[in-house]
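Each protein sequence line maps, in turn, to chains A and B.
Going by the working numbering, the letters in the first sequence line up with residues 1 to 115, in that order.
Going by the working numbering, the letters in the second sequence line up with residues 1 to 110, in that order.
Derived by calculation from the structure, the hints in this document are not laboratory data.
Take these hints with a grain of salt, some might be off.
As the list claims (entries may be wrong) - When the alpha-carbon atoms are kept at most 35 angstroms apart in a straight line, the in silico DSBU-like pairs for lysine-lysine are as follows:
no.: 1; chain 1: A; residue 1: LYS9; chain 2: B; residue 2: LYS51
no.: 2; chain 1: B; residue 1: LYS56; chain 2: A; residue 2: LYS57
no.: 3; chain 1: B; residue 1: LYS102; chain 2: A; residue 2: LYS9
no.: 4; chain 1: A; residue 1: LYS57; chain 2: B; residue 2: LYS102
no.: 5; chain 1: B; residue 1: LYS59; chain 2: A; residue 2: LYS9
no.: 6; chain 1: B; residue 1: LYS70; chain 2: B; residue 2: LYS102
no.: 7; chain 1: B; residue 1: LYS70; chain 2: A; residue 2: LYS57
no.: 8; chain 1: B; residue 1: LYS51; chain 2: A; residue 2: LYS57
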Amino acid sequence: DSGVTQTPKHLITATGQRVTLRCSPRSGDLSVYWYQQSLDQGLQFLIHYYNGEERAKGNILERFSAQQFPDLHSELNLSSLELGDSALYFCASSVEAGFIQETQYFGPGTRLLVL
Amino acid sequence: GQQVMQIPQYQHVQEGEDFTTYCNSSTTLSNIQWYKQRPGGHPVFLIQLVKSGEVKKQKRLTFQFGEAKKNSSLHITATQTTDVGTYFCAGGGSNYKLTFGKGTLLTVNP
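Pulled out of the complex, with its shape left as it was, chain B reads as follows (with noise of 0.2 angstroms):
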């Protein structure tokens, strides 16, 4: 089946460092949607992406989508300690599901 890997695991910054997490899939996916989960909250979407090398930006965070449709990228300029949570990726197939990544769990130091 589809899966999704997420990589760093864990990230730790110092305030004002860039961050980036990454997502690869073993299958092509039909659109990617980032979620972020602050610690003891629930995943609140952040974005979605469709379309073939597509990138987005949101203030500070920069979301890519690879050519090829199976990877994607998070990109954040200056962290700030408002931005500590886990960060998830999650890609959609053919069917109806979405494929949840395990996760980045950024840490911020002020």
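Next up, chain A with everything else stripped away, as it sits in the complex (with noise of 0.2 angstroms):
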């Protein structure tokens, strides 16, 4: 258990819709990232947040957008859903953001399936 939590752990919607993905870091940690993986592209970063901050930016959609609130967790929102979007949606989490990227502790996923 590496003390980071993710809900749901599965979601099923249909295309179309608008989901909301819900991280919690391990305590004391400052940032959080959110990561997709699918068969095809593997582990791609989203975007990334530090103290309540956006840090950096990946290769996520404008249909996605993220935010963390003050008690540092984190939402990934995921509108006009497509089938492509199908995938297991990772957030992790470390103590700060220095340069020199530190451990980063991942959360157990959320499988989204769109129908």
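Fit the two chains together into the complex; they arrive one by one in their own frames, and the hints show the way.
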């Protein structure tokens, strides 16, 4: 158990819908990262938040957005869902966000299926 | 942007054989991390390498970081069935993000 929690574990929805994935980082960690893992693309970095502020963006679609709240939990919002958005979404956390990347602790993931 | 290539994509070995996965970056890295993901699980941090030419060992696992800090390798000696999983390298650049390779799926035949 990494100490990172993600809810829900599984999510089944239809195309065009909107969903929210939630992540609680390890106690004391200020950084939260979101990743998308699909069979053909591997682990794709989406976005990084540090202490409530966006720190870095990766391959995140405009239909996707995220935020980190004052209590440091984070939510990833996926809207206008398409079949291709079906994937495993991981959240990871680390203590800080220095120039030498720190160890990231991954949560168990949310498996999203868009029908 | 930064790209991290990892080979091979798949590797099947007999238990007791050695295994190596290689990671190459298009740019010089500040550091490299290695993760293991068991089937149905989440990535778990194994190790971080920071210095040019660095070599670190964890029991049967040996990790190397190239002199130019653009490549890395993970070598497992005498594989066991517990080594099964996908091994990812992740390279750190001058920004705040890690770029993951696509991983090497290792299967071990007992």
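Structure-based check of all given hints:
In summary, the hint linking LYS9 (chain A) to LYS51 (chain B) is not supported, as the alpha carbons are separated by about 38 angstroms, beyond the 35 angstroms threshold. Proximity of LYS56 (chain B) to LYS57 (chain A) is assessed by CA-CA distance (about 31 angstroms); at most 35 angstroms being required, the pair is judged to hold. Between LYS102 (chain B) and LYS9 (chain A), the direct Cα distance comes to roughly 23 angstroms. Compliance with the 35 angstroms bound is thereby established for this hinted pair. The suggested pairing of LYS57 (chain A) with LYS102 (chain B) holds, with an alpha-carbon distance near 19 angstroms, which does not exceed 35 angstroms.
At roughly 34 angstroms between alpha-carbon atoms, LYS59 (chain B) and LYS9 (chain A) fall within 35 angstroms of each other, so this suggested pair holds. This hinted pair checks out: LYS70 (chain B) and LYS102 (chain B) have alpha carbons roughly 16 angstroms apart, not beyond 35 angstroms. Taking the CA atoms of LYS70 (chain B) and LYS57 (chain A), the gap is about 23 angstroms. The hint holds against a cut of 35 angstroms. As the CA atoms of LYS51 (chain B) and LYS57 (chain A) are separated by approximately 26 angstroms, the hinted pair is consistent with the 35 angstroms bound.
Going through the hint list in order, the structure does not satisfy hint 1, though it satisfies all others.
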